[in-house]
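Chemist: The lines below spell out each chain.
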Amino acid sequence: DVKVTQSSRYLVKRTGEKVFLECVQDMDHENMFWYRQDPGLGLRLIYFSYDVKMKEKGDIPEGYSVSREKKERFSLILESASTNQTSMYLCASSQREEGELFFGEGSRLTVL
Amino acid sequence: RKEVEQDPGPFNVPEGATVAFNCTYSNSASQSFFWYRQDCRKEPKLLMSVYSSGNEDGRFTAQLNRASQYISLLIRDSKLSDSATYLCVVNTGSARQLTFGSGTQLTVLP
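Chains as they are written, first to last, in this note's numbering: chain A, 1 to 112; chain B, 113 to 222.
If we strip away everything but chain A, and leave its shape as in the complex, we get:
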């Protein structure tokens, strides 16, 4: 069974803290994604990676960075968390460009 695992389901951080969200997939997928989901806005792409050490900005990359040192792992970093980054963060992977996305269970981040 396919599996995308996100390291933390719930986090509470303070403004200015550095936040790491980790995502691991066991399907040997080439593509990995970080989205955030907010009510009324749908899922918005933060960053996308199509290979190890390769990344592309999505629609809302400001305030975020990513790291993909190994094929199975894709990390999202908030260098200095702000209250407007309070959101649900979803990691996903896919084998093909137009293929099915497999999502992790999400990480709900609250920044105080």
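Do not rely on the hints blindly, as some may be mistaken.
[Claimed, not checked] No farther apart than 25 Å at their CA atoms in a straight line, the calculated lysine-lysine pairs in the BS3-like style are these: (1) A:Lys13 x B:Lys154; (2) A:Lys13 x A:Lys71; (3) B:Lys191 x B:Lys154; (4) A:Lys57 x B:Lys114; (5) A:Lys3 x B:Lys154; (6) A:Lys18 x A:Lys55; (7) A:Lys18 x A:Lys71; (8) A:Lys18 x A:Lys57; (9) A:Lys57 x B:Lys157; (10) A:Lys55 x A:Lys3; (11) B:Lys157 x A:Lys55; (12) A:Lys71 x B:Lys157; (13) B:Lys157 x B:Lys114; (14) B:Lys157 x B:Lys191; (15) A:Lys3 x A:Lys71; (16) A:Lys57 x A:Lys70; (17) A:Lys3 x B:Lys114; (18) A:Lys70 x A:Lys55; (19) A:Lys53 x A:Lys71; (20) A:Lys70 x A:Lys3; (21) A:Lys57 x A:Lys71.
Quick caveat, the hints were computed from the structure, so don't treat them as lab data. Being a predicted model, the structure only gives us computed values, none of them experimental.
Starting from the known structure of chain A, fit chain B onto it as the hints suggest.
Modeler: Below, chain B alone, put in the same frame as chain A:
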């Protein structure tokens, strides 16, 4: 105008009812289309792809109308377990060009 628009609902229907959702998209270059299902506090999961000729999977039928730029999802004989948010997803060319609608909430009532 949003790139992908859905009626947020909620749609509250009795068990056994037929319900249909529409989703409109603004980019005429859109190439592929999907419906994802998201249960409360869970991750989205692919429900079905939408093909030009329309496609059916059990009680679910998806259709694409390129001329009017919308896709639809029809659910027949609704079950309680169909209660979820249905996300319309449109792809304009590559993996990073997936655009998600904000979802339509369905509640099937006993």
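Chemist: Please go over all the hints and tell whether each is borne out by the structure.
Modeler: Checked hints:
1. A:Lys13 x B:Lys154: Distance ~22 Å between Lys13 of chain A and Lys154 of chain B Cα, so the pair holds.
2. A:Lys13 x A:Lys71: 28 Å, violated
3. B:Lys191 x B:Lys154: Given pair Lys191 of chain B, Lys154 of chain B holds - Cα atoms ~19 Å apart, limit 25 Å.
4. A:Lys57 x B:Lys114: Holds, at about 20 Å.
5. A:Lys3 x B:Lys154: 14 Å, holds
6. A:Lys18 x A:Lys55: 20 Å, holds
7. A:Lys18 x A:Lys71: 24 Å, holds
8. A:Lys18 x A:Lys57: Cα-Cα ~20 Å, so holds.
9. A:Lys57 x B:Lys157: Answer holds: Lys57 of chain A to Lys157 of chain B is near 24 Å, not above 25 Å.
10. A:Lys55 x A:Lys3: Distance of about 22 Å is within 25 Å: holds.
11. B:Lys157 x A:Lys55: Roughly 24 Å separates the two Cα atoms, so the pair holds.
12. A:Lys71 x B:Lys157: 22 Å, holds
13. B:Lys157 x B:Lys114: 23 Å, holds
14. B:Lys157 x B:Lys191: 18 Å, holds
15. A:Lys3 x A:Lys71: Holds - the C-alpha atoms of Lys71 of chain A and Lys3 of chain A are around 14 Å apart, at most 25 Å.
16. A:Lys57 x A:Lys70: 19 Å, holds
17. A:Lys3 x B:Lys114: Violated: Lys3 of chain A and Lys114 of chain B sit about 32 Å apart, past 25 Å.
18. A:Lys70 x A:Lys55: 13 Å, holds
19. A:Lys53 x A:Lys71: 9 Å, holds
20. A:Lys70 x A:Lys3: Distance ~16 Å between Lys70 of chain A and Lys3 of chain A Cα, so the pair holds.
21. A:Lys57 x A:Lys71: 18 Å, holds
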